[in-house]
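A.B. asks: Spelled out from the first residue to the last, the chains are:
There are 4 protein chains.
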Amino acid sequence: MTTHSPAPTLTPARPVVVNAPSAKQTMRALVKHHAGSELQFVADRPRPIPGPRDVLIKVSKVGICGTDRHIWEWDAWAASRIPVGIVTGHEFVGVIEAVGAAVTRYHVGQRVSAEGHITAGVDYNSRTGNAHIASDTRILGIDRDGIFADYAVIPEENVWPVHPKIPDKVAAVMDPLGNAVHTVMAAGVSAKSVLITGTGIIGLMAVTVAKAAGAGRIFATDMDPKRRALSRKLGASEAFDPRDSAFINEIRATCRGEGVDVLLEMSGSPAAYDQGFSCLRNGGTAALLGIPAKPPTFNITQHVVFKGATVLGINGRKMFETWYQMEELLISGKLELDEIITHEFPLEKFKEAHETMISGEGIKVVMSVNG
Amino acid sequence: MTTHSPAPTLTPARPVVVNAPSAKQTMRALVKHHAGSELQFVADRPRPIPGPRDVLIKVSKVGICGTDRHIWEWDAWAASRIPVGIVTGHEFVGVIEAVGAAVTRYHVGQRVSAEGHITAGVDYNSRTGNAHIASDTRILGIDRDGIFADYAVIPEENVWPVHPKIPDKVAAVMDPLGNAVHTVMAAGVSAKSVLITGTGIIGLMAVTVAKAAGAGRIFATDMDPKRRALSRKLGASEAFDPRDSAFINEIRATCRGEGVDVLLEMSGSPAAYDQGFSCLRNGGTAALLGIPAKPPTFNITQHVVFKGATVLGINGRKMFETWYQMEELLISGKLELDEIITHEFPLEKFKEAHETMISGEGIKVVMSVNG
Amino acid sequence: MTTHSPAPTLTPARPVVVNAPSAKQTMRALVKHHAGSELQFVADRPRPIPGPRDVLIKVSKVGICGTDRHIWEWDAWAASRIPVGIVTGHEFVGVIEAVGAAVTRYHVGQRVSAEGHITAGVDYNSRTGNAHIASDTRILGIDRDGIFADYAVIPEENVWPVHPKIPDKVAAVMDPLGNAVHTVMAAGVSAKSVLITGTGIIGLMAVTVAKAAGAGRIFATDMDPKRRALSRKLGASEAFDPRDSAFINEIRATCRGEGVDVLLEMSGSPAAYDQGFSCLRNGGTAALLGIPAKPPTFNITQHVVFKGATVLGINGRKMFETWYQMEELLISGKLELDEIITHEFPLEKFKEAHETMISGEGIKVVMSVNG
Amino acid sequence: MTTHSPAPTLTPARPVVVNAPSAKQTMRALVKHHAGSELQFVADRPRPIPGPRDVLIKVSKVGICGTDRHIWEWDAWAASRIPVGIVTGHEFVGVIEAVGAAVTRYHVGQRVSAEGHITAGVDYNSRTGNAHIASDTRILGIDRDGIFADYAVIPEENVWPVHPKIPDKVAAVMDPLGNAVHTVMAAGVSAKSVLITGTGIIGLMAVTVAKAAGAGRIFATDMDPKRRALSRKLGASEAFDPRDSAFINEIRATCRGEGVDVLLEMSGSPAAYDQGFSCLRNGGTAALLGIPAKPPTFNITQHVVFKGATVLGINGRKMFETWYQMEELLISGKLELDEIITHEFPLEKFKEAHETMISGEGIKVVMSVNG
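Protein chains in written order, with this note's numbering: chain A, 74 to 444; chain B, 74 to 444; chain C, 74 to 444; chain D, 74 to 444.
Watch out, some of these pointers could steer you wrong.
Since the list can't tell identical chains apart, any single copy or any two copies may satisfy a pair.
[Said to hold, decoys possible] Below 27 Å or equal to it, Euclidean Cα-Cα: the simulated DSSO-like pairs (lysine-lysine) are:
no.	residue 1	residue 2
1	K299	K422
2	K306	K424
3	K424	K299
4	K306	K367
5	K407	K424
6	K424	K367
Since the hints were made in silico from the structure, they are not lab data.
Please build the complete structure, drawing on both the sequences and the hints.
C.D. replies: Take a look at the structure:
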């Protein structure tokens with residue numbers, strides 16, 4: 074290494090904020106206040122103070138994610154991962170209220186959402202357009218304070234200005250919609266036959282996204298007859314109950330006896346792995362988003378090696394290619410989300426909101442915070 | 074090279090045909106009988122005799138291609154390329170009437186169309202799934218007898234069995250539809266903004282194909298107001314008259330000030346090259362199908378090198394990936410071709426058929442031969 | 074479907090052969106004569122007679138494959154798959170001795186090898202440049218008579234003319250070399266770090282292929298110190314004994330703490346699956362060629378889904394893109410195969426040949442038949 | 074848009090620097106002091122002061138680019154683009170001397186190079202891993218002060234930490250080496266035949282890069298016999314004088330009569346465009362880096378449309394995929410740069426340095442500034 078003059082002392086960066094809240098200002102927030110189920114509504118949480126490269130956002134609307142259900146129910150995963158005391162939530166839309174002194178990209182008053190995967194920006198994936206799978210990711214509402222609150226702080230690199238044509242209700246759920254778009258776009262569905270195994274929130278989004286993104290026939294599986302009906306309404310040619318495996322031969326027969334071109338696995342069910350890959354033609358592509366509770370023991374030799382299949386692990390959304398794809402699909406009016414975003418509650422009714430989502434009565438549930 | 078016993082004499086392959094027509098059997102055909110405009114209707118053309126690896130097809134319906142217009146009008150290109158005495162035409166659907174003795178893939182009675190690019194099967198592209206750009210291609214109805222006739226002979230490698238859900242009228246034009254599908258799919262339009270410069274027959278097909286294949290906003294240009302209106306009906310967000318170049322800034326402005334993701338050049342007009350690339354964002358993709366009368370002098374340094382653009386030359390259709398893509402789009406009901414296939418005539422009215430197409434009164438014109 | 078005149082009777086294709094052997098001509102061959110281990114040398118096997126689209130090849134040299142070892146040892150797989158009475162073997166080079174009457178692509182006297190995956194040519198993969206994963210593949214020397222003999226019959230579609238610069242000894246093993254090339258090229262190694270788990274015959278070939286195809290650093294694992302030494306000689310930066318899993322951290326550390334870009338799994342060992350994927354960086358690509366005796370139970374959620382990895386099942390060789398790639402690598406002198414093709418025996422010494430290969434004393438063993 | 078409380082006043086960001094130079098500190102620099110040829114050596118240029126997100130780098134070594142020649146000679150392009158008074162130069166390696174207060178990624182003492190394309194980070198390409206073709210790029214040493222000086226200021230997003238295995242002399246020219254790597258990698262040369270038209274500095278680098286990245290046979294053209302000899306030494310199978318166009322048939326003949334798989338156009342010569350595309354096989358890929366003085370009028374219909382060719386415009390280097398690829402190729406020892414980096418001068422001998430490069434006596438010329 075080149076020699077150089079003695080290294081100077083590195084003084085710490087001082088937070089320099091424009092329009093910063095005073096230390097005394099408070100806000101409403103939903104907090105995981107103890108190691109157990111539910112969340113606590115807190116009226117006097119101190120407002121977060123942005124660092125020099127952060128923006129402070131006044132939150133308009135938020136979405137409740139499947140992850141938020143795990144946190145609400147405090148299952149084993151949540152207990153092992155979530156720091157007690159945190160503000161939860163990561164799906165949102167809001168308006169920039171203040172910016173750190175070194176912020177250059179955005180300004181006060183912009184309506185924005187944001188990507189919840191926060192990275193230092195120095196690893197391979199962060200520097201090549203794939204920050205969504207960076208090695209050092211910290212996630213909003215999981216590893217640090219989230220957005221179930223009046224205000225939230227976000228690094229400017231993560232901010233996404235929302236197109237005027239996209240209403241707040243939809244902008245609030247661009248995070249999970251991005252999961253569906255990333256899965257569909259990674260696999261590539263244009264002029265292809267597609268099977269979606271599992272139509273929970275993201276699976277249902279994937280039906281309308283796959284149709285919009287150019288899939289030919291779309292097949293879906295789900296045990297819930299209401300979800301199957303909704304799949305058909307959103308564009309599926311046929312939706313099957315996976316408990317009767319006859320659908321495998323039916324799909325294969327209608328696809329030249331060979332199988333579908335693309336499998337989108339969205340259930341995390343080991344049985345769905347087996348069924349889905351049995352429906353996939355040789356040389357087909359499978360994109361895996363669902364997270365099995367334990368590793369599925371499917372026959373990789375038969376399903377992947379002999380078939381010459383391509384398997385894509387899907388995590389998050391591309392930063393930010395997926396966001397641009399979402400914007401184009403949304404502003405061209407190709408997505409049908411009205412029947413997927415079923416309920417909206419004010420923040421104070423967070424308990425009803427979570428229960429509506431957990432019971433399955435609602436699909437995607439949104440809470441309005443300031444708007 | 075390894076030595077071996079003396080090379081035996083190679084006797085020529087004898088044609089061995091199943092269900093072959095007798096030498097005396099004749100048929101109706103449209104023939105380029107002299108070096109000049111129009112075609113001649115011939116009632117007693119001898120039926121072609123298939124070789125051992127050919128099929129004999131009884132033609133049901135045929136389409137009139139833009140190429141057939143050149144042949145009809147006997148322009149400089151046609152005069153330099155078309156052998157006088159040939160039966161013309163290459164877009165069709167029919168039924169297999171007889172098969173050569175060494176045919177193994179298809180059988181008498183199958184309803185089929187076929188790919189008109191015929192190759193020896195030994196060059197790089199033929200052996201890697203890209204026979205459409207083989208170095209030794211001979212084209213049906215151009216280099217050898219075509220399908221404006223009761224019967225035609227096709228090598229079995231070129232046969233495409235038509236799905237039962239696809240009606241004859243549509244199956245007859247899978248060749249030009251394939252041009253549109255190949256262009257759209259090569260560029261990749263899923264969740265992207267698209268500009269189509271020139272909406273002749275294939276350009277209009279490209280509008281409905283791009284929409285079906287997942288494009289977001291679709292912009293089109295054409296000087297003809299009827300074609301612009303039809304573009305909008307088929308799915309274009311906006312269609313512009315290219316004589317007013319203000320559309321370039323309009324498109325760029327609505328695409329983040331950067332431009333469209335994809336350009337599909339279908340006019341062959343030098344001005345369209347310039348306009349189209351001016352609308353393309355940095356890093357965008359242009360697929361070029363239109364054939365300029367003379368090489369366009371557009372600024373490749375500005376439009377391609379500095380922009381980091383990708384440019385794809387498009388010729389024919391992929392053999393046979395494009396045909397599978399077409400089938401999936403057609404049987405899933407995503408293409409609107411009713412307003413593109415505007416006229417149908419019996420073979421005997423070939424003169425009206427050609428004139429309807431040439432005058433612009435019709436768009437795609439089909440002739441019924443035997444069905 | 075279009076109606077048509079009554080379907081004529083289809084008479085069967087008659088074999089019409091140029092330079093065909095008479096029925097009385099015989100040849101030497103290695104035959105799986107009974108359901109048990111070893112092969113039998115037969116001096117008077119009738120010469121095979123080519124059909125109208127086949128070529129008859131006089132075999133010069135052959136290679137012994139790992140599959141031939143299974144057949145020799147008559148393990149459970151072989152007992153369940155191999156028809157007793159068959160001539161085995163599928164790796165070879167030879168000279169065309171006769172051609173069927175409908176053969177158009179090749180001629181008597183050409184030096185050729187051939188692709189052993191034989192398909193009807195009508196399914197999706199056969200028609201899109203991926204016949205290697207066709208749904209109806211029959212394999213030479215496994216499902217039908219192979220090439221451990223003086224003569225063999227091959228469909229002309231499967232023939233590969235051998236470049237004059239490639240010696241017989243190498244041409245005889247283009248089949249397994251093609252496995253290595255397909256694996257390396259499918260993953261894409263250019264300017265990437267690569268880990269190869271398992272350096273049997275194809276794994277060793279993959280080391281020299283990866284180097285030639287542009288890999289940066291190449292890491293390998295194998296339990297055999299001789300194979301590890303040979304890996305290093307062929308271009309591996311480092312070769313590790315997988316019984317000490319410390320190599321995982323060592324590889325990760327030297328790859329920015331993130332891991333290798335590419336994993337080529339060539340062992341079929343469940344432990345190698347786990348180790349290999351542990352070395353793979355987020356967003357990396359794994360190509361799986363090795364065939365586990367039973368499905369590995371590796372953690373697909375951790376290794377593929379969360380990592381955003383791409384997994385490619387590898388089977389055979391692309392027909393025929395891989396063959397062109399091999400030719401380019403071979404004629405540009407970039408592959409080192411001299412230390413991989415370790416032994417050559419005459420056909421009559423087939424027992425020594427097989428035992429040399431099975432004992433591990435030899436790596437790739439070739440038998441000379443007629444040359 | 075969501076309503077919100079009155080927008081607060083946005084106060085400007087204050088520069089906050091760690092270890093900042095005092096305003097009185099000066100440095101040596103090469104300055105374009107007037108609108109004319111050459112540069113002026115200035116001993117007392119004020120040291121630049123980094124903003125909150127910049128690093129201050131003490132420059133070790135710099136490279137002289139072809140662009141610097143245009144600036145030196147003050148041709149029409151330079152006169153139209155370069156602001157008089159600027160410090161020029163953009164290829165370098167150095168050591169971080171100070172960091173702005175909001176810098177988080179790098180620290181004082183790190184040995185670094187940097188990407189000279191500076192963007193605001195808000196357009197499509199900047200947010201999708203393609204900042205090298207951002208719409209708002211400003212270039213170091215062209216649009217703002219460069220690195221022919223003791224010190225330079227660089228935004229932290231643009232910094233590239235240099236691997237310890239890469240010597241300063243090589244690290245100083247990673248910018249132009251990146252042009253060669255980006256061109257080669259964009260085209261994809263692994264197991265392919267390649268033609269490089271024009272072996273100036275970057276063309277010669279492309280020869281060694283193409284070989285390292287896995288090309289099969291490499292052909293090159295150049296009018297200078299010394300460059301042709303060096304091409305062969307670096308790995309070209311053959312190098313031709315383009316004034317005798319017989320090489321076109323020679324290349325086509327040795328490539329199956331079809332042509333090379335890949336063309337890398339590095340001359341910007343209209344004749345090379347025609348010759349290069351004439352050597353390209355149907356379906357081949359051409360990557361265009363050379364910048365013609367005026368738009369070439371080559372026949373795009375014949376060379377691109379009918380051929381089904383893919384054409385890639387190449388500009389800069391991918392930020393930062395190309396840098397990772399370079400690092401892997403360099404640390405695995407696959408690149409031969411010793412005969413390309415021919416001369417090294419101290420900064421004060423800048424006149425000899427520029428003249429050595431301009432005369433063609435040297436190829437890549439490096440100047441040492443502080444190391």
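A.B. asks: Compare the structure with each hint and give your call.
C.D. replies: Structure-based check of all given hints:
no.	hint	verdict
1	K299 - K422	within (26 Å within a copy, 55 Å between copies)
2	K306 - K424	neither (30 Å within a copy, 47 Å between copies)
3	K424 - K299	within (24 Å within a copy, 57 Å between copies)
4	K306 - K367	neither (32 Å within a copy, 42 Å between copies)
5	K407 - K424	neither (33 Å within a copy, 43 Å between copies)
6	K424 - K367	neither (30 Å within a copy, 48 Å between copies)
Checked against the numbered hints given earlier, this structure breaks hints 2, 4, 5 and 6; the rest are met.
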